[in-house]
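Student: Next come the chains, spelled out residue by residue.
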Amino acid sequence: MASIAEPVSAPPVARTAPTRSFQIVPLAGLPVVAVVIVGMVVAIATNSLWALDFYHVVGGGLWTGIDLFLGLVLGPIMGTMSIPARVEFTTRLMPKMVLIMPTLVTMTLGAGFQLARSLGNLSANSPTHGWLLASYIVVGVMATIALGLLEPANIAVLFELRKPQPNGARIARLMKVFIYTAGITGLMQIATLVIMTHLAAG
Amino acid sequence: MEAHEAQVQLVPGDGPLPPVQQISIAVLALIVIGGIYTAAHLPRHVPQGPTIALLIAAALLLAVNVALLTRIEHFNWRVFRQVAGWVLAAYAVIAGMLEYVFIYDHTRGTQLLILTLMLVVFAVNIPVLIGFSVARFQALDRSS
Chain H
1 MASIAEPVSA PPVARTAPTR SFQIVPLAGL PVVAVVIVGM VVAIATNSLW
51 ALDFYHVVGG GLWTGIDLFL GLVLGPIMGT MSIPARVEFT TRLMPKMVLI
101 MPTLVTMTLG AGFQLARSLG NLSANSPTHG WLLASYIVVG VMATIALGLL
151 EPANIAVLFE LRKPQPNGAR IARLMKVFIY TAGITGLMQI ATLVIMTHLA
201 AG
Chain R
203 MEAHEAQVQL VPGDGPLPPV QQISIAVLAL IVIGGIYTAA HLPRHVPQGP
253 TIALLIAAAL LLAVNVALLT RIEHFNWRVF RQVAGWVLAA YAVIAGMLEY
303 VFIYDHTRGT QLLILTLMLV VFAVNIPVLI GFSVARFQAL DRSS
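So the sequence lines, in the order shown, correspond to chains H and R. Per my numbering, the very first residue in the first sequence carries number 1; after that it's consecutive. Per my numbering, the very first residue in the second sequence carries number 203; after that it's consecutive.
Derived from the structure by calculation, the hints contain no laboratory data. Small disclaimer: the values here were computed from a predicted structure and weren't measured. For every residue, glycine included, the Cβ atom is placed at its ideal position computed from N, Cα and C. There may be inaccurate statements among the hints.
Incomplete in silico selection of chain R near chain H, CB under 7 Å [unchecked claim]:
{"#": "1", "residue": "ILE225"}
{"#": "2", "residue": "ALA231"}
{"#": "3", "residue": "ALA241"}
{"#": "4", "residue": "VAL248"}
{"#": "5", "residue": "GLY251"}
{"#": "6", "residue": "ILE254"}
{"#": "7", "residue": "ILE332"}
{"#": "8", "residue": "VAL336"}
{"#": "9", "residue": "PHE339"}
{"#": "10", "residue": "LEU342"}
Please take these sequences and the hints and turn them into a complete structure.
Tutor: Below, the structure written as structure tokens:
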């Protein structure tokens with residue numbers, strides 16, 4: 001555990017900057033999340049194939065796209081930015097991610113499981129059962145990485161940024177965890193794309 | 203430079219801490235494996251031995267983690283409670299939705315009980331993990 005500690009004398013990000021005032025969870029986005037979740041509950045309750053397909057495809061497409069973009073495009077760009085610039089960017093990006101990603105994941109997995117059930121893909125006799133099992137494993141690994149490493153790093157960065165004197169080294173280290181794990185889940189999303197397109201093609 | 207260093211406060215995360223984060227990830231992995239095992243068998247009967255073993259292992263690790271957490275000295279409990287409380291509220295909603303899907307899909311009896319307990323362990327484990335991840339980097343305040 002001690003190996004993850006950084007020097008106490010790490011420089012603050014901006015000595016003279018005032019305390020940053022921002023919402024860790026953007027409250028304005030909560031009604032949108034509520035509408036999306038209620039819509040998903042209705043889709044599951046009515047077993048509407050179109051609605052389940054819509055939630056699964058839209059949620060999964062956005063989840064995959066954002067993961068790939070963040071891990072493979074934005075991540076390397078952020079790695080080359082100065083710490084103050086990274087802080088400015090992070091302060092604006094991360095609160096939105098706190099709402100967007102869990103909502104997309106819930107949409108995709110909730111609607112996806114119900115869709116598989118409705119289409120009979122869950123049955124062990126289904127010719128696609130093996131592919132479905134592979135998708136569970138990929139999603140399981142991604143969920144463990146995202147919930148165990150990515151999300152705690154994300155929220156810890158936001159709390160650090162709200163301090164009057166944020167610790168630059170600590171932010172850089174936490175952001176590295178965030179970007180690396182986003183990259184890994186982004187690469188795993190390619191496996192998801194292969195599996196899902198195979199399932200869709202029958 | 204001295205004034206500069208004086209502005210950076212010593213926080214628990216700057217020193218050695220028990221492996222709360224690692225144990226939480228292990229608990230999460232056990233629950234995920236249990237979920238995959240269950241989902242792989244549904245809608246047929248799910249053999250209960252492996253899922254019960256995974257559940258017990260996850261619950262024991264969670265209990266150990268909570269015990270380790272409570273023994274940390276000089277920890278910002280106010281921030282931990284604040285973060286863990288909100289995360290618990292969010293994950294209670296997510297776990298509640300999963301429970302709704304299980305019941306809606308006619309999962310009953312022991313299988314429902316096992317899945318419900320797995321959801322409880324999941325919904326408690328994540329707030330512990332995120333609360334710890336944030337509070338470890340917070341300076342102590344008077345209420346801590």
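Student: Indicate, hint by hint, whether the structure satisfies it.
Tutor: The hints, checked one at a time:
Interface hint status for R/ILE225: violated, as the beta-carbon distance to the closest one in chain H is roughly 11 Å, over 7 Å. Residue-level restraint check for R/ALA231 holds (minimum Cβ-Cβ distance to chain H is 5 Å; threshold 7 Å). Residue-level restraint check for R/ALA241 holds (minimum Cβ-Cβ distance to chain H is 5 Å; threshold 7 Å). At its closest, the beta carbon of R/VAL248 sits 11 Å from a beta carbon of chain H; the interface hint therefore is violated under the 7 Å criterion.
Because the closest C-beta pair between R/GLY251 and chain H is about 18 Å apart, greater than 7 Å, the hint is violated. For R/ILE254, the shortest C-beta to C-beta distance to chain H is roughly 19 Å, which exceeds 7 Å, and the interface hint is violated. Because the closest C-beta pair between R/ILE332 and chain H is about 5 Å apart, less than 7 Å, the hint holds. A distance limit of 7 Å between C-beta atoms decides the matter here; for R/VAL336 the minimum to chain H is near 5 Å, and the interface restraint holds.
Annotation: R/PHE339 was flagged as interfacial toward chain H, and the flag holds, the nearest CB pair being 6 Å apart, inside 7 Å. Contact between R/LEU342 and chain H, as hinted, is not supported at the beta carbon level, the nearest pair being about 14 Å apart and thus beyond 7 Å.
Hint compliance for this structure: hints 1, 4, 5, 6 and 10 are not met, and every other hint is.
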